[in-house]
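A.B. asks: Residue numbers (my numbering), protein chains in the order written: chain A, 1 to 112; chain B, 1001 to 1114.
It is possible that part of the hints are untrue.
[As the list claims (entries may be wrong)] With the C-beta cut set under 10 Å, the calculated list includes, among others, these residues of chain A facing chain B:
| id | residue |
| --- | --- |
| 1 | Tyr35 |
| 2 | Gly42 |
| 3 | Ser98 |
Calculated from the structure, these hints are not laboratory results.
Every residue, glycine too, gets a C-beta built ideally from N, C-alpha and C.
Each chain, written out:
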Amino acid sequence: SQELEQSPQSLIVQEGKNLTINCTSSKTLYGLYWYKQKYGEGLIFLMMLQKGGEEKSHEKITAKLDEKKQQSSLHITASQPSHAGIYLCGAPYTGTASKLTFGTGTRLQVTL
Amino acid sequence: DTGVSQNPRHKITKRGQNVTFRCDPISEHNRLYWYRQTLGQGPEFLTYFQNEAQLEKSRLLSDRFSAERPKGSFSTLEIQRTEQGDSAMYLCASSLAGGHRGQFFGPGTRLTVL
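Chain B on its own, in the form it takes in the complex:
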């Protein structure tokens, strides 16, 4: 399967713990995006990378959130000191750069903070 993959698919954690999610994009895609989706809403943009450079971050991305794409391939999203409000589906997408290119999404990581 050459689509976008995300791990883990589900994560349950206690408030105050740190969590890290991983996203592996489609291999030839140089852009990688993170979105967050809560129940009944559409996905909301968090951040995106072109190769290893993080080019934009949303105001939703508080200082407890950090994302990396060290070698321009896979990416990690870490949430420190999780809060109950962080409970959501975290979606990763990838695309080619330049003009309007389709963004292809992974299956998501569902985070539940108790």
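Looking at chain A on its own, in the form it has when it is part of the complex:
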């Protein structure tokens, strides 16, 4: 079974709509990273959450970490075609934050 489960697996939203992607861990979280990936390309770092209850925003993307629930959510406000891609969450399951374990990703399509 996956240590990090993402939901939904895929999402199609109309431009201008809001959306939320969830990432749930089966183990204690020491932090949580969010990345975006275009097909066939590398991962683009979005943000890193370290503490329970932490919330970060960058442009129209907001991410929160709920350590008690071992869960993080990524929220996009007023989606645009440029938001389309695969969103991946990754977690360092060690305190030294060496390797990351990733979820399988959420594929987002934004229609006009």
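Dock chain B against the given chain A, drawing on the hints supplied.
C.D. replies: Coordinates of chain B only, in the frame set by chain A:
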């Protein structure tokens, strides 16, 4: 551009051949990571270096795989006697050491083994 770079971007090889990939990390980053990603999956950790020392290797890294970072700067990943199951995107990332630091990824090398 001061991001992570990887070469080549694409490699097509025949089964049984050896291939080598290179990764140049962000210059001040002392940690360098290799991951492998197959279609529809998230990246899977292969190995990481702190400076020139290889500190951890995944069980995914069979004895056909070897990685080096001889001077603590760029790194190479070699796959000997490639198999069709080695076909994947090979991703390199770098970060600063200590605590939780963002890992920044390169564009990847897509390997196709025929």
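A.B. asks: Could you work out which earlier hints the structure fails to respect and list their numbers in ascending sequence?
C.D. replies: none
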